[in-house]
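Using this note's numbering, the letters of the sequence shown correspond one by one to residues 1281 to 2545.
Treat the hints loosely; a few may be bogus.
Said to hold, decoys possible - The calculated lysine-lysine pairs, modelled on PhoX-like cross-linking and capped at a C-alpha distance of 20 Å, are: (1) Lys2370 x Lys2346; (2) Lys1912 x Lys1766; (3) Lys1341 x Lys1394; (4) Lys1480 x Lys1435; (5) Lys2357 x Lys2370; (6) Lys1394 x Lys1435; (7) Lys2047 x Lys1289; (8) Lys1431 x Lys1394; (9) Lys2047 x Lys1912.
As the list claims (entries may be wrong) - Simulated restraints, written as ranges between beta carbons of each label pair: (10) Pro1700 x Thr1814: 56 to 66 Å; (11) Leu2027 x Gln2174: 54 to 64 Å; (12) Thr1430 x Ser2186: 44 to 54 Å.
Note that these hints are calculated values from the structure, not bench results. Beta carbons: idealized from backbone N, C-alpha and C, even for Gly.
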Amino acid sequence: MIPYTVNIKLAARTLTGTVHLQNKTAVDWGWQGLIAQGCHSSILIIDPKTSQTIQVLERHKANVVKVKWSRENYHHSLSSPYSLRLASADASGKIIVWDVVSGTAHCEIQEHAKPIQDMDWLWAQDASRDLLLAVHPPNYIVLWNGDTGTKLWKKSYAENILSFSFDPFDPSNLALLTSEGIVFITDFSHSKPPGSAGKKVYIASPHASPAHTKPAPAPTPAPTGAKKALNKVKVLITNEKPSAEAVTLNDCLQLSYLPSKRNHMLLLYPREILILDLELSQTVGVVAIERSGVPFIQAVPCAQRDALYCLHENGCITLRVCRSTTTPSSDEAGQSTEGGESAQELVYDLRSQCDAIRVTKTVRPYRMVICPVNENRAALVVSDGRVMLWELKAHPVKTSANTSSGLSPLYSPVAFCGTPLVPNQKHVSDLSLNTMIGHSLISGVEPARPSGQQQEVLLKFLLTGLLSGLPLPPFALRMCPPLTTKNINHYQPLLAVGTSNGSVLVYNLTSGLLHKELSVHSCEVRGIEWISLTSFLSFATSAPNNLGLVRNELQHVDLPTGRCFAFRGERGNDEPAIEMIKVSHLKQYLVVVFKDKPLELWDVRTGTLLREMAKNFPTVTALEWSPSHNLKSLKKKQMAAREAMARQTVSDAEQSSVESSVISMLQDAESKSEMGQAISAREHFVFTDTDGQVYHITVEGNTVKDGARIPPDGSMGSIACIAWKGDTLVLGDVDGNLNFWDLKARLSRAVPTHRGWVKKIRFAPGKGNQKLLVMYTDGAEVWDTKEVQMVSSLRVGRNVSYRILDIDWCTSDKVVLASDDGCIRVLEMAMKSASYRMDEQDLTDPVWCPYLLLPRAALTLKAFLLLQPWSGSFTMDITQVDYNEKDEIKGLIQEQLNSLSNDMKSILQDPELNLLQRCILVSRLFGDESDLQFWTVAAHYLQSFAQARQLTVPDAEGQAPAKEASPSTSTPSPVSHLDICHDTLCESTFFQRFQLERVHLQEVKRSSYEHTKKCADQLLLLGQTDRAVQLLLETSADNSSYYCDSLKACLVTTITSSGPSQSTIKLVATNMIANGKLAEGVQLLCLIDKAADACRYLQTYGEWNRAAWLAKVRLNPAESSDVLKRWAEHLCSPQVNQKSKAILVLLSLGCFHKVGEMLLSMRYFDRAALFVEACLKYGVMEANDTTNKLIGAAFSDYARLLRSVGLQEGAALWASKAGSAGEALMEDLFKKEGGGGGGADGEGEGEVIESSPGQEQEGLLVSTE
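Using the sequences and the accompanying hints, generate a full structural model.
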């Protein structure tokens, strides 16, 4: 019975412990699905699904202060594969870009020798994926090429920069948080440093935080308190520098743009979060903590929903979701009172919170990171090295469960992965944040009450994983006895670690996971000795009293049962401290050496004291058991005696000749051995006294004999340690000399190492392995005692920054070191702390991470999941597909497939899962940002245009989706609208409503003439003339613009559509624009309904985003489509090079044919083919002469791509769908199969091909609708 296979080869690894204060901000959760975390000078790579550390990167000399995964927002192919790239920065100003799989550094960057304040990869994807922006203290920002390590540009600012945030909607916007306020940069580009010094904005600190006056939320939240608070916080942002007493130093902890809606920013203070609208530079929302609440440390805004994850000082993570702004009339009467107030500000309601941790002096929460792909998992890093993994779960509830809390209920969305669910379709509701809760409703677009399919949900946090680190150093290490041929069937490489709080941690070094944690002692563990593969002795000594006496604890621990008992019984109180314990080679005897008291000799097997030495016994400075013993000869004797007994019982005749005394002795021995009292072999130990004299003592049974004494060697100082293996004995002294004795040749040789006190020496395990590990105060060395020369060395300050606390061998060629940075490292004999290759590691739980595969294999895996079913059957077994590849790679792909959760497997094998859902799901699984964005927008518009076409709209190109036209039709209504985080890609009607809401909010919040003017301008552009006139007439008479505004008000009210007035206004507007007053001219054009001209002017002057915005809110579908098409062309131009953005714009216009052509021209073969397939399936593209060329090209190119990664069967299928374009490829495939693989193979492939034309009409993913 072998319960598990033994892995003799141990991987080099690092077990980490507590986190340094400088590591506080060094944690990041990448799109790749892994968490990177700085721990002292190492970086841990954690897999959050299985909560295990899968890689430790070591190259930094100083503490790591920042880590950042590169973004995955580009199209992945063989030339730009899925890769794990990570940038890390340390306290000495060094930045390293890593290839995480191989554990090697791509490049190293150094500018100044101060800690990097902040860094991030640039996200404007088509330009370059290698650019890294870093803040070098005190006031420089530098743009680096992270692939080559070259500096592109450097720029300094007037104040110290603390951190920065990129605008997720516009790559040219960057905000810097400085010691005095915020600097907004609007001309950021990778080609040159920003020209201006940026727009400085000062933050008047929210004094004494007025928000604390907010009352505790009553059953119906009274808006008055929060509103008063808001009025006090109103003038927070000023352009003048506030007077010295008005502003304390900037205590803003964090600034981030909101990724869920454009031009909004979050500022975090210990007691409140402010949401700013940047068009007005005005606070439009406050999340405040009441007086007794726990302050914030950090806030992470979500992209998929307008929600915030907040971390509090007690380690509690809260989720706050923005309240819907549905109008009071549509709400129930009971809530209408509050409905009137609801649009006064953005309110973020607390929807869920997790448990707090126990905060002490040494244990406090550091940082939280949120999964960027799904935004429903959080990881919390605690200073003691723990990483807590929380998952957000949505629980459906019966209605009316929520009314008591006074919050409006949250509803689950109807769709799964962008498409409405079909009856009986399998789905996971907790896939991501936007599949858990529906949109924040916006008044006037949807009904306030949800549709029948939507369920009300409550959100809860669930702790799904916990990684714990080592406690604080110091450590005492001991590896279990070595692997031998006898114990190979049940050997486990266990390392026992004694800690300062008295517990012993046992790690299994195959996996690097904690095997057992045993609370053994009440004070610091001083040493451990194993007495079998599953039990050990450990000792601890308390602090000495005024007489210098201590309490000694020597415990015997049995690992399988966890049973501990005091080995020395009642002894141990008020006696000199134990200095060391040594167990003999056969694990029979134990020597306990005390500080000022003669040693004790114990029998380990019976737990009895054999001898307590006399008072005049010499003081022991070092001691070691000899490896030689007489067990073999004893066993031979025993065997002979047994044979004699056997012979004696056979022949009665000769009985008389055997003396009865011998027989009785033999029977006595037999009964003893049957009772389990093993025979006692003779063993020896040597020790040295304070003069350096070597004593030799023999122990057999309970007799102790004094042997030879060897006088001290004159060249050696006081001996500190001894090691003995085979015929070699090595002594180390306090002056750093090593003395090698060859006992056979009777030679001794002293070698000075000049390294100071030799703390410990240990021989490596394994027969004939004469390597020796030596520990000094300043490091360690490995020596070869046969050649008497040093093999490798490690020295503090020279090649490592940590001090060595303890050493041991863990296999015959690997050492284990404990260091004062709280880590335990398993290293090769060369003691170079190298990171290992991740793909060579044996993990206990398989990890889903396609990035670990070879580039080809990762793409194959993706195609395998996308192109289900394979020859008609859904499968999760790659061997069932005709795939030409080495078995080793096939195996690795299969391992990835097996590591998917059962839920995920069942969804992927569900025939109801349509092509669009499958594409979105696979891009989520791969963490592929660019894919996910493309398919989300594509899925939405394909469905909405398909529906518009069903409602007999003759031409889908350029027509607005006519979904609002007749909701009563029998077709299932598609997802209501795209999330507002897609900004100008949303439908015009929805986008318009959102902008009106926003202006309404700005209007409520305005506090100065500037704000009022901006609001009036926005209202004019949106066509809300009456409201704009009211605002214009508010201008006070002593304002310099009083006359101007009054005239403007008159103009707005009297505009008639008469020809002459129109032409005059148009003339004036064009002159204004020509003379540099662009905004004013555009306003005039909007007044006379010439918004299309206005857009054209804006585009001419390079205001592309503004033009798109105006087209969305003012123009009819045909005109707006023209404007946006021009924008798409501009985005494709080589100087802008944002083709992927252009594709999304074209998708939103329904120009599907153009999108297909662009995808092909950009060589995105897989995306192009699947997109064309989806268009055909949804009927928004028909196979005719114009489209056949595109269809053929897309399908045949994809077939070639599949063939290049070895998926013959898929290639044949797509080539057959490509029509004439794929014929040559089909012949080629046939030739290869027929000629190469022999008969059977070829025939099999032939059958598949013959069956594929049948599937052709139905589409690749046969979904039964």
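So, going through the hints one by one against the coordinates:
1. A C-alpha spacing of about 8 Å is found between Lys2370 and Lys2346, which places the hinted pair at or below 20 Å, so the restraint holds.
2. Simply put, Lys1912 and Lys1766 have alpha-carbon atoms about 16 Å apart, close enough for the 20 Å limit, and the pair holds.
3. Note on Lys1341 and Lys1394: the hinted pairing holds, with a Cα-Cα distance of about 13 Å set against a maximum of 20 Å.
4. This hinted pair checks out: Lys1480 and Lys1435 have alpha carbons roughly 16 Å apart, not beyond 20 Å.
5. The suggested pairing of Lys2357 with Lys2370 holds, with an alpha-carbon distance near 17 Å, which does not exceed 20 Å.
6. The hinted pair formed by Lys1394 and Lys1435 meets the criterion: a straight-line CA distance of about 17 Å does not exceed 20 Å.
7. Distance check on the hinted pair: Lys2047 and Lys1289 sit about 17 Å apart at the alpha-carbon level, within 20 Å; holds.
8. Note on Lys1431 and Lys1394: the hinted pairing holds, with a Cα-Cα distance of about 17 Å set against a maximum of 20 Å.
9. Straight-line distance between C-alpha atoms of Lys2047 and Lys1912 comes to about 17 Å, which keeps the hinted pair within the 20 Å bound.
10. Taken as a hint, the range 56 to 66 Å holds for the pair Pro1700 and Thr1814, whose Cβ atoms sit roughly 58 Å apart.
11. Range check, Leu2027 to Gln2174: about 59 Å between beta-carbon atoms, so the 54 to 64 Å window is met.
12. Against the hinted window of 44 to 54 Å, the Cβ-Cβ separation of Thr1430 and Ser2186 comes to about 49 Å, which satisfies the hint.
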